[in-house]
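2 protein chains.
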Amino acid sequence: MKQKQNFLQLFNPKSIAIIGASGTKGKVGNMIAQNITSHKYAGDVFFVNPKRTKILGKKVYKSLAEIDELIDCAVVVVPGKFVEDVIKESINFCKNFVVISAGFGETGPEGHNREITLQKLAQEQNINILGPNCLGFLTPAIGLNASFAEGLPDIGQTAIISQSGALAVAVMDKAREESIGFSAVVSIGNKMQIGAAELIEYFRQDKDTDTIALYLEGVDRGQLFLKSIAKAVKDGKKIIVLKAGKTGEAQEAIALHTGSLAGSDDIFSAALEKVGAIRAESMSDFFALIRFAQYYKNPISGIASVGILTNAGGPGVLATDIVAGQEGVKMSRLSSETKSVLTKKLPAAASVHNPIDLLGDATLDRYEIGLKKLISDKTVDIILVLLTPQDQTPVDDIAKMIIQLQAKTKKLIITSFIGGQRVRVAVDNMNKSSVLHFNSPKTALSAAASFIKTRQIFSITKKTVTQDRIDFVQKIITKIKDRESLYFQECDNIAKKYNLPISKFWDITLGLDAKNHVKYPCVIKVDNPNVLHKTDRGGVILPINNLRELDKARKILLERFEENGTRIIAQPMLKIKTELIIGLKRDPVFGVVIVAGLGGIYTEIFKKVNFYISPLSIKEIQNILLNGELSFLFSGERGENSYNLDAISNIIYNMYMMGIENSQITAIDINPLLVYNDDKEDVAVDFKIVL
Amino acid sequence: MKQKQNFLQLFNPKSIAIIGASGTKGKVGNMIAQNITSHKYAGDVFFVNPKRTKILGKKVYKSLAEIDELIDCAVVVVPGKFVEDVIKESINFCKNFVVISAGFGETGPEGHNREITLQKLAQEQNINILGPNCLGFLTPAIGLNASFAEGLPDIGQTAIISQSGALAVAVMDKAREESIGFSAVVSIGNKMQIGAAELIEYFRQDKDTDTIALYLEGVDRGQLFLKSIAKAVKDGKKIIVLKAGKTGEAQEAIALHTGSLAGSDDIFSAALEKVGAIRAESMSDFFALIRFAQYYKNPISGIASVGILTNAGGPGVLATDIVAGQEGVKMSRLSSETKSVLTKKLPAAASVHNPIDLLGDATLDRYEIGLKKLISDKTVDIILVLLTPQDQTPVDDIAKMIIQLQAKTKKLIITSFIGGQRVRVAVDNMNKSSVLHFNSPKTALSAAASFIKTRQIFSITKKTVTQDRIDFVQKIITKIKDRESLYFQECDNIAKKYNLPISKFWDITLGLDAKNHVKYPCVIKVDNPNVLHKTDRGGVILPINNLRELDKARKILLERFEENGTRIIAQPMLKIKTELIIGLKRDPVFGVVIVAGLGGIYTEIFKKVNFYISPLSIKEIQNILLNGELSFLFSGERGENSYNLDAISNIIYNMYMMGIENSQITAIDINPLLVYNDDKEDVAVDFKIVL
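From first to last, the protein sequence lines are chains Z and S. Sequential numbering from 1 applies to the first sequence in our numbering. Sequential numbering from 1 applies to the second sequence in our numbering.
Calculated from the structure, these hints are not laboratory results. Every value quoted in this text rests on a predicted model; they were computed, and no experiment measured them. A portion of the hints provided could be inaccurate.
[Unchecked claim] Among chain S residues calculated to face chain Z with C-beta under 8 Å, some are: (1) 284; (2) 300; (3) 313; (4) 314; (5) 322; (6) 327; (7) 390; (8) 419; (9) 420; (10) 422; (11) 543; (12) 545; (13) 605; (14) 634; (15) 636.
[Claimed, not checked] Across the chosen pairs, the derived CB separations fall in these ranges: (16) Z/428 x S/123: 48 to 54 Å; (17) S/577 x Z/560: 22 to 28 Å; (18) Z/576 x S/538: 21 to 27 Å; (19) S/619 x Z/353: 44 to 50 Å; (20) Z/428 x S/432: 20 to 26 Å; (21) Z/560 x S/645: 28 to 34 Å; (22) Z/361 x S/70: 31 to 37 Å; (23) S/298 x Z/123: 35 to 41 Å; (24) S/82 x Z/368: 33 to 39 Å; (25) S/679 x Z/510: 57 to 63 Å; (26) Z/428 x S/112: 41 to 47 Å; (27) S/493 x Z/577: 32 to 38 Å; (28) Z/368 x S/70: 33 to 39 Å.
All C-beta atoms, glycine included, are put in the ideal place defined by N, C-alpha and C.
So that you can see chain Z by itself, here it is in the shape it has in the complex (with noise of 0.2 Å):
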């Protein structure tokens, strides 16, 4: 691939230049000067300033074009109003450009034409650029720091990519004392052509990077943002994504029903769980997967069993708690071979079922005697080791025990040392050995669950497009004018079209005639492309027994709604078991997004919905259906039948096609699907459509 080729050249540059090098301390140029030439990077560095001779006793040269060789990549740290030129004036001689200047797309209309001038530039002449207004990059395992931030991380098999350079310092600085260490650390700035999408895709062919952890603070093009990361977790890459911004982002506009249930938080949380990366909900919780991922690589499936080793009853017991309270993972049952095992070698007044209570007078041969029979005990997939610092424990030791059986199995082994100064060497030791030491029981558990739940249910499936039911309703769209969404007889041709089962309607507007032979009982209902909440509003009147309620509140509907255009519409009463709610959203970061839950007066109490990201298959409709909020449908709850997953499935799938392939419609509402668990077919008792 290009772009990997590209990216090498970039991040492991065998030559390195910095355009605007300067000799004056505090100044970036000199900050970035000084991090380069003060690690171990043993490629070519040249500083280039055309007013200066000599930088940190260096030769300073004025341009690249003095150089004599070509440079693998070259750090701009102008003024802004001068990179333009600068990267013109070096682009033969350099291929790779990081931008540190500020003065762009973050200022006013002024800087962001000069960042369109840029990136049209970088197109044209087909080369990188990472920023502008970035903090740099580090690679750490060939000693390059190329950004302005101080110091050099250890090397590690995370990438961090971040949108932020401060968050970046922040996350490096704490790094070092919890030995974490990077493949390479990348401020990505404006991401003016480098966004995280071409990041993901490059760190995904990197050998040396595991895991790829994210700071963002948006994201565009969704849909090639899911691809590679999807790609990335199919290729065994494992991603964490801590995004800004979760509750602050203006919602849109509410025109219909799902609209209000579907924050883009929400669809972005559904995204990101879609190809199977990990959201950090806060800060420390990025700290902690990314900690985590460090040392998780052989992946548990399924539900994760934890045995549990203490010296102390009480921090045992809440462990148990944690374990029980979260979803992937559960406590061990043992073998029996460990339990009769652990009962001969035990005093008589330790526990050896789960959690192994080792008691308070616990010294190192009990630790080790009970972790080797859990690093034994095929019924355990996860060990958590707790200790108090009792004035008979032996702390030191039996941190040095775990460390030598953590290097000879591949048995997660966490560790938990409750406490503070009579601790602190053992923790520092285990996080300096690769023993993972959490304080915090549930801060290990919960990111050890959010690595084991992870599935990738992303599914790339070839969408016939069938180009008759486009032409279709291409037809009743063109027709349409002075008004943004359709009747309810259009919608019923449409929805026809693509097999979503509507409720039959007789059009009542103009009273009875000899083609309508209404049913009694029926509803009565206002039909005005104007009127979206026509229950709120009073447009629904039931139920009607005879023609002269009919006409009476035919009436009743038309003076309510006087507005251009009304029509009155009749539907038979149905039987109602269950009220779902479907609706379909365009959102401008993914593009097609399904809304599906549970309906009736409840919607928002209970908020019992999930998101369909594009692009779907009916088989990921059914996982999600099947795992989500909705599983009670199907999973039998209270001995009741279940109900039809392939219908339900079915008219999702439909109504995602509608969106996909008619890119006029923005929404589409389904309120409510009437869903049986006996031979009745689900039906639409009500059907918009916004253009």
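Fit chain S to the given chain Z structure using the hints.
Showing chain S alone in chain Z's frame:
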């Protein structure tokens, strides 16, 4: 109060004796002797051991009788079987004993008997015994460590009461490095005579104690425990409870539907909420709450407004997300004065809206300007200062400035310096100087919210027990033999006495007679005390439209339930609007507990229930209804009328009184209670009473 007097002598003794002091290193009797003498304790210390003459260079007495003065507190470390004798011979010289010795209730039946004898002795002789099987206690203010845990914590205002010695040790160790101090640390061991309630009552009256933090593995005498907390909270003490065994406890046998909704752990949580205590969810939560309590001196009522100061946009937005997602706190909108001053004093690129972004190159002065404004801004209750260690950031100076400003203001400042080594010194300094620092803003804000949300709804109301209805119920119950639950007719009679609205019914076991004017359509049901889940067992047939259908259905049910005593009843078919489920159970710890929530087919799926703990008043019931899981009934969701709060709260109260007045009743179930938001009266369709 007597207890106060006694415990004062116990925990603040002027003289202390160690009965069983030992000269052998490693023995508990030696550790305690060392601990008592190696700190600044200024009282008289006596070692007692008939077999020794000198320990640690001090004279050893054969018994308390030999000592010239009376002893305030005696720590007993002799083997369990000798404890009783030792206390008996000491009783004339000392009234307060701390029994460290094990070998009591925690072992087999022999130990259990020993404990019962000891308890009797304590009662008869009117002496205090802490333990047995405990770690001892520590009173830092007088330099006293009367335990076998090493060291002495800092002096502070938090009393720790722990049912696990190991946990107390770990808490003290961790506390030291986070500058948490204690007024007392008490290990309660088997809590034979002195348990949580007694100690809460004592520390409530201790002016040096501001927070009481309890680690408990079980609670008995629930009402006494709650009363002690309620009084302490009223006196301004903060109560934090960590309880092990959330999920581990066996659920009691579930006879009734509501029983399955009422796990004992949910009841414990509801009980703590009732009295204004805060429940810690995990050990790390416990630490966080204790730390927070130490700094939270000026209770904030309502919802706390948070003002955020940051030098990096990302962390600011992330913290905003946390505030928005956390009940009990909200983002301050900042006064216009604050905004205009900051606009003048900060660089143009800075954001003067909350979160205030001081920019990456923010130095001391910008932080100081921002912090001073937030301190003076009355729209701000809590200030959160975020910092990422940029190269330009004078981290330590900023910390010093915060320390100075916090000393001058009562407003709570929470700091979160994000990083490792670069923020280490600053964080240590803040910890030492009464500035609250949390690594994770999320933990800090969630702790804050726990304290802010706390409301005591405990109400001791004089219950007027009504003798005539008790006699009425007694008459019915005493007649019942060979069955544990009541016929519908009996329930109906009792319900009417308690003003509980119960659906009309007709006994049609023998078919229709002159007295039975059944109205159609109706429902017919089996009525047999042994059939508790009649719907699940096919004991309900509907609709019944005429005599022929009724007779057919009656025969079907009689065949289906051919058990002895089966009766058949008919009830009118009622319009269903909303179904509730209300039950009563007699909890072994807390007594009569009511569970009330949403009924119908989704009862188990949504679990929208609350627990109502004794003692109850109508006011407290309404408080829970209006703020709990059923609040949507009264909030006019989607323009709906409110349901009848008075009617529903009266039903709960009357059921509660039925339980209080009739101790033979162990459970009651109304399922469903049909409630309406028009003029219809609420009505219980099914009513079960279990003895």
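Quick rundown of the hints versus the structure:
1. 284: Residue 284 of chain S check passes; min Cβ-Cβ to chain Z is 4 Å, inside 8 Å.
2. 300: 21 Å, violated
3. 313: At about 6 Å, which falls below the 8 Å cut-off, the nearest Cβ of chain Z leaves the hint on residue 313 of chain S intact, so it holds.
4. 314: Check passed: Cβ of residue 314 of chain S comes within 3 Å of chain Z, closer than 8 Å.
5. 322: Because about 6 Å separates residue 322 of chain S from the closest Cβ in chain Z, which is inside the 8 Å limit, the hint holds.
6. 327: 13 Å, violated
7. 390: 6 Å, holds
8. 419: 4 Å, holds
9. 420: 4 Å, holds
10. 422: 5 Å, holds
11. 543: At 13 Å from the nearest chain Z Cβ, residue 543 of chain S fails the 8 Å test, so the hint is violated.
12. 545: Constraint on residue 545 of chain S not satisfied, violated at 17 Å.
13. 605: 5 Å, holds
14. 634: This hint is violated: residue 634 of chain S lies away from chain Z, its Cβ roughly 12 Å from the closest one there, beyond 8 Å.
15. 636: 12 Å, violated
16. Z/428 x S/123: 48 to 54 Å: 51 Å, holds
17. S/577 x Z/560: 22 to 28 Å: 25 Å, holds
18. Z/576 x S/538: 21 to 27 Å: Taking Cβ atoms as reference, residue 576 of chain Z and residue 538 of chain S lie about 23 Å apart, which means the hint holds.
19. S/619 x Z/353: 44 to 50 Å: 47 Å, holds
20. Z/428 x S/432: 20 to 26 Å: 21 Å Cβ-Cβ, so the 20 to 26 Å window holds.
21. Z/560 x S/645: 28 to 34 Å: 32 Å, holds
22. Z/361 x S/70: 31 to 37 Å: 35 Å Cβ-Cβ, so the 31 to 37 Å window holds.
23. S/298 x Z/123: 35 to 41 Å: 59 Å, violated
24. S/82 x Z/368: 33 to 39 Å: Holds - the Cβ-Cβ distance for residue 82 of chain S and residue 368 of chain Z, about 35 Å, lies within 33 to 39 Å.
25. S/679 x Z/510: 57 to 63 Å: Between residue 679 of chain S and residue 510 of chain Z, where Cβ atoms are some 38 Å apart, the hint is violated.
26. Z/428 x S/112: 41 to 47 Å: Distance hint for residue 428 of chain Z, residue 112 of chain S holds at roughly 45 Å.
27. S/493 x Z/577: 32 to 38 Å: For residue 493 of chain S and residue 577 of chain Z the Cβ distance comes to about 36 Å; the hint holds.
28. Z/368 x S/70: 33 to 39 Å: 50 Å, violated
In summary, the structure is inconsistent with hints 2, 6, 11, 12, 14, 15, 23, 25, 28 from the numbered list given earlier, while agreeing with the others.
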